[in-house]
Amino acid sequence: MIHYRKDTDNIVTLILDMSGRSGNLLNHQIVAAFAPVIEHLKQEKAAGKLNGVIITSAKQDFLESGDLDYLYRLEEPARAFEAAQQLKKFLRDLEVPGVPVAAAINGDALGTGFELTLACHYRIALADSKLRMGHPEVKIGLIPSGGAIIRLMWQLGIERAYPLLLEGRRYSPQEAVKVGIIDDLAADREEMLARAKRWLLENHDVRRPWDDPDGSIPGGTAADPNLGHRIRLLTARLSAHTNDLYPAKRAIIDLLAEGSKLDFATAYRLDSRYYARVATNPVTKNMISTFWFDKQAVRGGVGRPRGYGKFRARKVGIIGAGQMGSGIAFLCLRNGLEVILKDVSQPIADRGKEFVGAKIDEYIERGTFQPEDREQLLARITTTNQSDHFRDCDIVVEAVFENKSVKTKVTREAEEHLDEYSVFATNTLSIPITELGKESMRPENYVGLHFFSPAEKTSVVEVVAGDATSDETVARAFDFAISIRKLPIVVKDSWGFFAARVLNTYILEGITMLREGYPAALIENMGRQAGMKSGPLTLADELGLKLVLRYEQQAAEHYGQRYLQHPAVPALELMRDELERSGKSKRVGFYDYEENNRARLWTGLEQHFPVTKEDYDRRRMKDRFLFAQVIEAGWCLQEGVINHTEAANLASVYGWGFPGYTGGVMRYIYSYGHQNFIDRCLELKERYGQRFTVPRYLRKLELSTLTPTT
Amino acid sequence: MPTEAFIYDALRSPRGRAAYPADLYEVKPIEILSQCLTALQRRCGREDLPTEIDDLVIGCNTPAGDQGYNIARAALLYAGWGRARGGLQINRFNTSGLEAINLAAARITAGYGETIIAGGLEVMSRVPTYLNSGPMMNDPATVINSHYIPQGVAADLVASTHGIRGEDLDAYALRSHAKAVAARDAGYFSPSMEIITDQNGLPILTEDSLPNADLTAELLAQLEPRFAEMGLAGFDEMALHRFPLVDHVDHLHTNGNTSPAADGCALCLLGNRAAGEKLGLNPRARIRAVAMSAVDATLLTGGVNASDLALKQAGLSKRDIDLWEFNESFAAPSIRFQQRLDIDDDRLNVLGGSIALGEPLGAVGGMMLCQILDELERRDLSLGSLTIDAGAGLAVCTIIERL
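Residue numbers (this note's numbering), protein chains in the order written: chain A, 1 to 710; chain B, 1 to 403.
One or more hints might be untrue.
Result set (DMTMM-like, lysine to aspartate or glutamate): computed pairs, CA atoms no more than 25 Å apart in a straight line [as the list claims (entries may be wrong)]:
{"no.": "1", "chain 1": "A", "residue 1": "K457", "chain 2": "A", "residue 2": "E375"}
{"no.": "2", "chain 1": "A", "residue 1": "K49", "chain 2": "A", "residue 2": "E39"}
{"no.": "3", "chain 1": "A", "residue 1": "K353", "chain 2": "A", "residue 2": "E413"}
{"no.": "4", "chain 1": "A", "residue 1": "K584", "chain 2": "A", "residue 2": "E402"}
{"no.": "5", "chain 1": "A", "residue 1": "K178", "chain 2": "A", "residue 2": "D188"}
{"no.": "6", "chain 1": "A", "residue 1": "K130", "chain 2": "A", "residue 2": "E372"}
{"no.": "7", "chain 1": "A", "residue 1": "K533", "chain 2": "B", "residue 2": "E229"}
{"no.": "8", "chain 1": "B", "residue 1": "K28", "chain 2": "A", "residue 2": "D224"}
{"no.": "9", "chain 1": "A", "residue 1": "K130", "chain 2": "A", "residue 2": "D224"}
{"no.": "10", "chain 1": "A", "residue 1": "K457", "chain 2": "A", "residue 2": "E354"}
{"no.": "11", "chain 1": "A", "residue 1": "K613", "chain 2": "B", "residue 2": "E229"}
{"no.": "12", "chain 1": "A", "residue 1": "K261", "chain 2": "B", "residue 2": "D66"}
{"no.": "13", "chain 1": "A", "residue 1": "K315", "chain 2": "A", "residue 2": "E456"}
{"no.": "14", "chain 1": "A", "residue 1": "K622", "chain 2": "B", "residue 2": "D296"}
{"no.": "15", "chain 1": "A", "residue 1": "K59", "chain 2": "A", "residue 2": "E191"}
Think of the hints as simulated: they come from the structure by calculation, not from any bench.
When you get a sec, could you build the whole thing from the sequences and use the hints?
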């Protein structure tokens, strides 16, 4: 479990090597294994036979993050508190006795895995920019349990520790040095161990700032007036951005503010109390379920047609060097693929490469890439205005603008040079893939690959199968997406595919409220307070009212006789046709868009949609917004537009901004309660109409499909 | 008939500009308070005033640093009133000075004290408000739970929700300056005014320095919004969490239509009838009612409720009030106060208000009392009402009757 080696300079190296696992996990087992080791080290130190300790790992990872199976099922605050206290005690045993300890980080060290390094007196990592370290717990709704919040505060000060914890980014070793969580880098393992040893020999009496009687938190505490004021501003920003819906984020700022005014030992214990509350919060369970387990499931192939070998694209053709095309090119390059970027002229194609270069510079600035990476990355991209460059591409992605004949033309041109094994993917948001595929030379190889904007940031892509698309092509598109580190959501060719189709119901519900006499400001505010990124009217304007209506027309065609017109349609038609306010691109819609891009609700709205409601049930408004989407997602599952709740959850939170605290559009039913959900739908249906009918799929839903089966 | 509380005298220092270069910055806060105590003693003509009082109650918005550690007791000792009883410092934000007077009146009315000096002190140039932090400032959970936003953003919210435009705010500010300049030039402030001197008796500040005779609508219109940055930082969105019927907050308040920070001190000698007889003083006014109210912590509009409560307590209607004083921290809440109570222009803040004169937070209530009492006497009127909106939804009102 732990290999113990001592050299002639009295430096002990502890090598973590848990048996029966591919990685090391900081759990009870390893903590128990450490106890006698620490005892022995103390004796050695007392006898003057120990100069220091190096901790490193025999596995590829330094130390994995926490045990999420266990965490997901942890429901009693008392147990969570106890677990956090135990881990903390272990880390203190390592940190306090005066034996200098260095962490030699040879692999990923994330979350709980990073806690151990923070309890060491010195951290050195391999300068391998593929390694990741830091505290991403917040992304699954958690906070660290071993006191990382308090240690980072003491090490970096409140203002530097806060963004690191709040954003939960995984840092490369170079970035980690920059943000201050790693002390040093080494080129290889040998150098790393040698440097760690040298540091230990040069630093005998080591104490962390919080164990030094003269130590203080850099930059001061929340009790200092200036920092107190900053904390108030940070709190306001957090509240504005999160609508107070994310307990972990609140706990981070609360702990930093409160903990900074206390001594280390008290703050350290307080950290466990906050942890116990956050870890047992239902929001945290939702987020672990979706942002961890569902993600693992999709990465593991949920939605991918079975029976086809793994597709490894090496060379990717991209048509269209605009923001989307360049964004995709950047993604391919950073994941080791070769890129041919084509546009109508060489200068336009070159501009795309410049965009990629600027993106790379941005990442160099941050520390994700190293300056020497630049040339190496850009060496793998070729710009052109000639389709014959696509000759040996494994996949070509077309990202030209939304126009069927242009898309058809560039597809044909490219396909001439492709063989029957290569995949042709189109990035469209509203043109049916089946329709576009008909114009293709090889419809079975033709697939939709819907990237969301901005391509390099959004975590999901929709892999859209047209009627003629072969399963093998879907599997290949899926593998391609995984290779550029996207979560592929396999969907059928429906209007707006899956994401836009469901999001449209949110927009329509908002417009319906406007028709019913709700004030526009309240509609927008309630949308955001329900946790959506923007109000429904804002989204309508951004998408353009024409597209919102086109989706609804496509729905009408799909359902034929069974279609019931959505009550929002007349309002949309009034806006689009009579009032000629069709959205942001025209600078007039539900909002007026001023010169400086500032949007103000159109003052004429009230004339056409008079406010009639005296009384507003805000809770019900929020439910309507979210229920409309959950029900539409239910229809999609029932109709086979999408086949897996895991994929639906991920598409919802990453693709269209369904609130993350719910765990996604399907997990929402789990936390709302299945029966409660059905009852509420019934009530909403009576009040507002057929659109709140629960699809059979959702009525019969086995709740166990919405919770991790570990 | 319960005991009544009378005002035997009221005095104040000039209101000095607190922004750099500040008028009173070079004088210790305790020295300013001490000079006011000495002036009160002189005006009463009673060498034995220190031994006659039952307490000194001083309201202070920022009881920290140079005006902390119970500045009331400290000032008695500093001023050589060592044998005087009492010394109490209280804080209800910028209503503190008025609240001190109300508290003294309540004690006298209840019979727990015959003679009390009450008032306020604030030297913002020396003791900026941020020196007295607290949970509403630096505890994130309190910040979020209270929805307490910076008052300037709250004032902008009031303007946004009631369709008050930037030019309305500026017009209000301009009137405030015009009235204050006219009153200063006519000497209407002099009965209560006590100059502040250095240790040699050389004058440092002899009159209110902030009212600006040269101000114009054009100059006001050029000023930048003062609270837009705070709004953008997230407080606008927090305001919308609480008031989702609002689409956005327009940041209309500028340095020109909000009260500038100011320094100063005001004191009031209160007592029951027996106290006056003992000291040989005639009462100038009686306290008719004191009231406090609270509305939503995000807002700044508690004044109307406080005023209603006080009127009810006094058995009066708003038409009975001859002169109104309302603390003009920001123009929009002032406009709302006037609109909601339907007060004529020529009865409200007739000598100008805090937008023109400046707002020494804890002292402003006492200053307003000096001004309204002098003006009721000058115009030979009877009833005056004083109202102050404070942060976190609080408001305080006092009604006095001139005798």
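For each hint, the structure was consulted:
A threshold of 25 Å between alpha carbons decides the hint, and for A:K457 with A:E375 the separation of about 22 Å falls inside it, so the pair holds. Distance hint between A:K49 and A:E39 is fulfilled; the C-alpha atoms sit about 14 Å from each other, no more than 25 Å. Distance restraint check for A:K353 and A:E413: the Cα-Cα separation of roughly 22 Å lies within the 25 Å cut-off, and the hinted pair is therefore satisfied. For a cut-off of 25 Å, the pair hint linking A:K584 to A:E402 stands: about 17 Å separates their Cα positions.
Proposed proximity of A:K178 and A:D188 is supported: the alpha carbons are some 20 Å apart, at most 25 Å. Taken as a hint, the A:K130 and A:E372 pair is honoured in the structure, with Cα atoms around 14 Å apart against an allowance of 25 Å. A distance of roughly 22 Å separates the Cα atoms of A:K533 and B:E229; the hinted pair therefore holds under the 25 Å criterion. Proposed proximity of B:K28 and A:D224 is supported: the alpha carbons are some 23 Å apart, at most 25 Å.
With a C-alpha separation of about 40 Å, the suggested pair A:K130 and A:D224 falls outside the 25 Å cut-off, and the hint is violated. With a C-alpha separation of about 18 Å, the suggested pairing of A:K457 with A:E354 holds against the 25 Å cut-off. Distance hint between A:K613 and B:E229 is unfulfilled; the C-alpha atoms sit about 34 Å from each other, more than 25 Å. Proposed proximity of A:K261 and B:D66 is supported: the alpha carbons are some 23 Å apart, at most 25 Å.
With a C-alpha separation of about 18 Å, the suggested pair A:K315 and A:E456 falls inside the 25 Å cut-off, and the hint holds. For the given pair, A:K622 sits about 23 Å from B:D296 by alpha-carbon distance, which is consistent with the 25 Å threshold. Between A:K59 and A:E191 the CA atoms are separated by roughly 18 Å; this keeps the pair inside 25 Å, and the hint holds.
Hints 9 and 11 from the list above are not met by this structure, while the remaining hints are.
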